[in-house]
Amino acid sequence: MLSAFLDALTLQAGYNAALVSVGATLLGIAGGCAGCFLFLRKRTLVSDAVAHATLPGVCFAFILMVFLGGDGRNLVGLLTGSAVTAGLGLLTVDWITRKTRLSEDAAIGAVLSVFFGLGVVLLTVIQTLSHGKQAGLEGFLLGSTAGMLFQDAVIIAVGGALSTAIILVLRRPMTLVAFDPEYAGATGVPVRLIDLAMMGVVMMVTVVGLKLVGLILIVSSLIIPSVSARFWTDRSDRLLVIAAFTGGLAGYLGTAVSATAPNLPTGPIIVLVNFAFFSISMLLSPKRGVLAAFLRHRKFQADVHLHQGLTSLARGETIREPLTQKMMRRAGYIREDLVATGKGRAAAAKTVLDEARWAKARQIIQDEAIFASYDGLTPIEAVLTRDQIRDIDAALGAPSPLSSPAEG
Amino acid sequence: MTTTTHPALELAASDGRTADSDKDVDRDAGLAGSALAVRGLTVSYGTKPAVFSIDATVPKASMTAIVGPNGAGKSTFLKAVLGIIPRLSGAAYVDGKPLETMRRAIAYVPQRASVDWDFPTRVRDVVTMGQFRGLGLLGFIRPAHRKKTLDCLERVGMADFADRQIGQLSGGQQQRVFLARALAQDAGLYLLDEPFAGVDAATEKAIIDVLKGLKAEGKTVVCVHHDLATVTDYFDHVLMLNIRKIAEGPVSTTFTGPMLQETYGGRLATAHIDQLKLD
Numbered sequence: 001m002l003s004a005f006l007d008a009l010t011l012q013a014g015y016n017a018a019l020v021s022v023g024a025t026l027l028g029i030a031g032g033c034a035g036c037f038l039f040l041r042k043r044t045l046v047s048d049a050v051a052h053a054t055l056p057g058v059c060f061a062f063i064l065m066v067f068l069g070g071d072g073r074n075l076v077g078l079l080t081g082s083a084v085t086a087g088l089g090l091l092t093v094d095w096i097t098r099k100t101r102l103s104e105d106a107a108i109g110a111v112l113s114v115f116f117g118l119g120v121v122l123l124t125v126i127q128t129l130s131h132g133k134q135a136g137l138e139g140f141l142l143g144s145t146a147g148m149l150f151q152d153a154v155i156i157a158v159g160g161a162l163s164t165a166i167i168l169v170l171r172r173p174m175t176l177v178a179f180d181p182e183y184a185g186a187t188g189v190p191v192r193l194i195d196l197a198m199m200g201v202v203m204m205v206t207v208v209g210l211k212l213v214g215l216i217l218i219v220s221s222l223i224i225p226s227v228s229a230r231f232w233t234d235r236s237d238r239l240l241v242i243a244a245f246t247g248g249l250a251g252y253l254g255t256a257v258s259a260t261a262p263n264l265p266t267g268p269i270i271v272l273v274n275f276a277f278f279s280i281s282m283l284l285s286p287k288r289g290v291l292a293a294f295l296r297h298r299k300f301q302a303d304v305h306l307h308q309g310l311t312s313l314a315r316g317e318t319i320r321e322p323l324t325q326k327m328m329r330r331a332g333y334i335r336e337d338l339v340a341t342g343k344g345r346a347a348a349a350k351t352v353l354d355e356a357r358w359a360k361a362r363q364i365i366q367d368e369a370i371f372a373s374y375d376g377l378t379p380i381e382a383v384l385t386r387d388q389i390r391d392i393d394a395a396l397g398a399p400s401p402l403s404s405p406a407e408g
Numbered sequence: 001m002t003t004t005t006h007p008a009l010e011l012a013a014s015d016g017r018t019a020d021s022d023k024d025v026d027r028d029a030g031l032a033g034s035a036l037a038v039r040g041l042t043v044s045y046g047t048k049p050a051v052f053s054i055d056a057t058v059p060k061a062s063m064t065a066i067v068g069p070n071g072a073g074k075s076t077f078l079k080a081v082l083g084i085i086p087r088l089s090g091a092a093y094v095d096g097k098p099l100e101t102m103r104r105a106i107a108y109v110p111q112r113a114s115v116d117w118d119f120p121t122r123v124r125d126v127v128t129m130g131q132f133r134g135l136g137l138l139g140f141i142r143p144a145h146r147k148k149t150l151d152c153l154e155r156v157g158m159a160d161f162a163d164r165q166i167g168q169l170s171g172g173q174q175q176r177v178f179l180a181r182a183l184a185q186d187a188g189l190y191l192l193d194e195p196f197a198g199v200d201a202a203t204e205k206a207i208i209d210v211l212k213g214l215k216a217e218g219k220t221v222v223c224v225h226h227d228l229a230t231v232t233d234y235f236d237h238v239l240m241l242n243i244r245k246i247a248e249g250p251v252s253t254t255f256t257g258p259m260l261q262e263t264y265g266g267r268l269a270t271a272h273i274d275q276l277k278l279d
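Chains as they are written, first to last, in this note's numbering: chain A, 1 to 408; chain B, 1 to 279.
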């Protein structure tokens, strides 16, 4: 099993597997890029409408090609059909949103289900229409990699490269429109055209990825990479790069995993790998991750309780709150019987002194930024310079038996 | 009998103002000499006008306040002038030319609340957006652009915050970043939507200093403004709106008790008007 995985990773698992691997990686990169601006524009669900609206197009194209006496399974023909109805679905959503007071999500819900419903009806019709020949069409729902041709990989490569190129060229207006559409409009950026270009790119990736990942799951290749990437960066340009990278990696690894056992579906496995990246990002990202947020909250809570406890000590009050007692004991500031230790008395005195210093600092330092960052818990030495503290102490005229740690 | 001229018609023909309305807009006397001219602007939501048939002329190198009660269409007016929201009728001219051809000369500062401040971008990136027009689609951001970004941040006192994520800023700081982005455009006409709303005193001072500096450079500033108490201190020209235009002109002669009463209706007590520093 491991050797199968490694073979797939190194593209040694046969011609077909190598094609699938390359195709899935390219699709992942293109999807990550295309989804990035959808995510920034907060219109991720539009991709779902686009994807579902491809199904009737695939079916219409099949029927038309069979009717004309050709092979109904011609991929270029099927994808052209899917692009037509996907574009139609997109324009319908756009039209409903502009001409009525319905919000976009309502329009998406309506368009998505109607187009998909029509597609399923046509799919049933096709099954009664011509036996055997329709065999490939269900593959468009969940994707199929069996019998992937070189031509299929080329379609993905060309479509993916084209869509990524469009995004690179339009990244500035797209960022502007996503961040501040009003300002963009005022500076003369054609907001509607840029939005349509963004949707066009999404449509392109959806259509070329249809065969490999399937129309139901392609949405995950578009959205999850940028959602994962958001946990790692606060910059939109890096978001694009990280989303492209994780999307591509998910496609590559997903294909390799699906090669480890016969009949493992590639598309769904790619989705699961994407989800794994998302989970890791959500939990472990140092800035925005759930774990980091939890630890920050705990640290802050402890700081608040210690500050509270030390203030009580300085005032000679009894600490009553059990959590504060626990924190104070753990820090070694009080004994089991709540009596202050030497360390505790020193820390309490420092707390009182720092409070006085802050109060004085507000009078003598005219720097709004410093006080904006002051939360009452950060040690004063971390915010003000040693010279500033000396000035404050001079202004306080306080005896300084408890010199700050920074000085001693 | 048909040769007899009706006295009223005769009067109308000799009245210069009536005749003016038939002339081509290009011969509109106020147009060429103004920084911004708006003619017949109407915006409506459904059949309810938000802004109705407004003519306004903003003189060059002036500081103009747009005032009016809540729901008077001040922001709507500004957005419609810029073409961000569709106009039902009317047109806007910058330096006498159609606004649509003059976008390079206009810098707009939207309301702070109009964007998502959790957007993944840094302060310097937002200011760089003001230079996108000059950069084009593929132009590289060169040291000169970076320097310009920092200069603009310096002018609003935000240079130390260049690498912060925008979500970490206070409201006043966000407003200053928006102003810095507009400065980076090197425009001649600055249109600001409530730049002083909900900002701290230091920011208000920083912003008004920058705006007065722009005026001193011969640039034109137009602000949607909500604080009647500072109109006389900050502005030299005023446009008073309440769906329709109530008045426009120099603050000293236009921003008067009766005009305020007409603009705000019963919403402004006479006592409040008396408290304003009116000349």
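FYI, nobody ran anything at the bench for these hints, they're computed from the structure. Cβ atoms here follow ideal geometry from the backbone N, Cα and C, with glycine treated the same way. Just so you know, not all the hints are guaranteed correct.
Within a straight-line C-alpha distance of at most 25 Å, the following computed SDA-like cross-link-like pairs (lysine to any residue) qualify [stated by the list, open to error]: (1) B/48 with A/237; (2) A/299 with B/164; (3) B/148 with A/147; (4) B/48 with B/95; (5) A/42 with B/48; (6) B/245 with B/116; (7) A/360 with B/75; (8) A/287 with B/167; (9) B/205 with B/227; (10) A/287 with B/163; (11) B/48 with A/299; (12) B/48 with A/98; (13) A/42 with B/100; (14) B/215 with B/48; (15) A/287 with B/84; (16) A/99 with B/48; (17) B/60 with B/170; (18) A/287 with B/253; (19) A/99 with B/91; (20) B/148 with B/91; (21) B/148 with A/279; (22) B/148 with A/237; (23) A/299 with B/60.
Computed beta-carbon distance windows for the label pairs [what the hints assert, rightly or not]: (24) A/99 with B/133: 52 to 58 Å; (25) B/33 with A/286: 46 to 52 Å; (26) A/190 with B/186: 53 to 59 Å; (27) B/209 with A/387: 38 to 44 Å; (28) B/160 with A/332: 16 to 22 Å; (29) A/322 with B/197: 24 to 30 Å; (30) B/133 with A/158: 39 to 45 Å; (31) A/359 with B/101: 54 to 60 Å; (32) B/160 with A/391: 46 to 52 Å; (33) B/266 with A/42: 28 to 34 Å.
Okay, the hints, checked on the actual structure:
A hinted pair counts as satisfied when its Cα atoms are at most 25 Å apart, and residue 48 of chain B with residue 237 of chain A does not qualify at roughly 43 Å. At roughly 23 Å between alpha-carbon atoms, residue 299 of chain A and residue 164 of chain B fall within 25 Å of each other, so this suggested pair holds. A distance of roughly 56 Å separates the Cα atoms of residue 148 of chain B and residue 147 of chain A; the hinted pair therefore is violated under the 25 Å criterion. The suggested pairing of residue 48 of chain B with residue 95 of chain B is violated, with an alpha-carbon distance near 31 Å, which exceeds 25 Å.
At roughly 30 Å between alpha-carbon atoms, residue 42 of chain A and residue 48 of chain B are farther apart than 25 Å, so this suggested pair is violated. Restraint check: the Cα-Cα separation between residue 245 of chain B and residue 116 of chain B comes to about 32 Å, which exceeds 25 Å; the hinted pair is violated. Between residue 360 of chain A and residue 75 of chain B the CA atoms are separated by roughly 43 Å; this puts the pair beyond 25 Å, and the hint is violated. Our distance criterion of 25 Å between C-alpha atoms is met by residue 287 of chain A and residue 167 of chain B, whose separation comes to about 13 Å.
Taking the CA atoms of residue 205 of chain B and residue 227 of chain B, the gap is near 14 Å; set against the 25 Å cutoff, the hint holds. For the hint pairing residue 287 of chain A with residue 163 of chain B, the CA-to-CA distance comes to about 16 Å; that is within 25 Å, so the pair holds. Taken as a hint, the residue 48 of chain B and residue 299 of chain A pair is broken in the structure, with Cα atoms around 55 Å apart against an allowance of 25 Å. With a C-alpha separation of about 18 Å, the suggested pairing of residue 48 of chain B with residue 98 of chain A holds against the 25 Å cut-off.
Our distance criterion of 25 Å between C-alpha atoms is broken by residue 42 of chain A and residue 100 of chain B, whose separation comes to about 28 Å. About 36 Å separates the Cα atoms of residue 215 of chain B and residue 48 of chain B, which puts this hinted pair outside 25 Å; it is violated. Note on residue 287 of chain A and residue 84 of chain B: the hinted pairing is violated, with a Cα-Cα distance of about 36 Å set against a maximum of 25 Å. The hinted pair formed by residue 99 of chain A and residue 48 of chain B meets the criterion: a straight-line CA distance of about 17 Å does not exceed 25 Å.
Of the pairs offered as hints, the one joining residue 60 of chain B and residue 170 of chain B is violated, with about 33 Å between alpha carbons and a cut-off of 25 Å exceeded. Of the pairs offered as hints, the one joining residue 287 of chain A and residue 253 of chain B is violated, with about 56 Å between alpha carbons and a cut-off of 25 Å exceeded. The straight-line distance between the Cα atoms of residue 99 of chain A and residue 91 of chain B is roughly 23 Å, inside the 25 Å bound, and the hint therefore holds. Restraint check: the Cα-Cα separation between residue 148 of chain B and residue 91 of chain B comes to about 33 Å, which exceeds 25 Å; the hinted pair is violated.
The suggested pairing of residue 148 of chain B with residue 279 of chain A is violated, with an alpha-carbon distance near 41 Å, which exceeds 25 Å. Between residue 148 of chain B and residue 237 of chain A the CA atoms are separated by roughly 20 Å; this keeps the pair inside 25 Å, and the hint holds. Distance restraint check for residue 299 of chain A and residue 60 of chain B: the Cα-Cα separation of roughly 56 Å exceeds the 25 Å cut-off, and the hinted pair is therefore not satisfied. The hinted window of 52 to 58 Å between residue 99 of chain A and residue 133 of chain B is violated, with their beta carbons roughly 31 Å apart.
Checking the proposed 46 to 52 Å range against residue 33 of chain B and residue 286 of chain A shows it is violated: the Cβ atoms sit about 58 Å from each other. For residue 190 of chain A and residue 186 of chain B, the Cβ-Cβ distance of about 22 Å falls outside the hinted range of 53 to 59 Å, so the restraint is violated. As the Cβ distance of residue 209 of chain B to residue 387 of chain A is approximately 29 Å, the hint placing it in 38 to 44 Å is violated. One distance hint, 16 to 22 Å for the beta-carbon pair residue 160 of chain B and residue 332 of chain A, is violated here, with the actual separation near 38 Å.
About 45 Å separates the C-beta atoms of residue 322 of chain A and residue 197 of chain B, a value inconsistent with the hinted range of 24 to 30 Å. One distance hint, 39 to 45 Å for the beta-carbon pair residue 133 of chain B and residue 158 of chain A, is violated here, with the actual separation near 32 Å. In this structure the hint that residue 359 of chain A and residue 101 of chain B lie 54 to 60 Å apart at CB holds, the actual value being about 58 Å. The hinted range of 46 to 52 Å is not satisfied by residue 160 of chain B and residue 391 of chain A, whose Cβ atoms lie roughly 21 Å apart.
As the Cβ distance of residue 266 of chain B to residue 42 of chain A is approximately 41 Å, the hint placing it in 28 to 34 Å is violated.
In summary, the numbered hints that this structure violates are 1, 3, 4, 5, 6, 7, 11, 13, 14, 15, 17, 18, 20, 21, 23, 24, 25, 26, 27, 28, 29, 30, 32 and 33.
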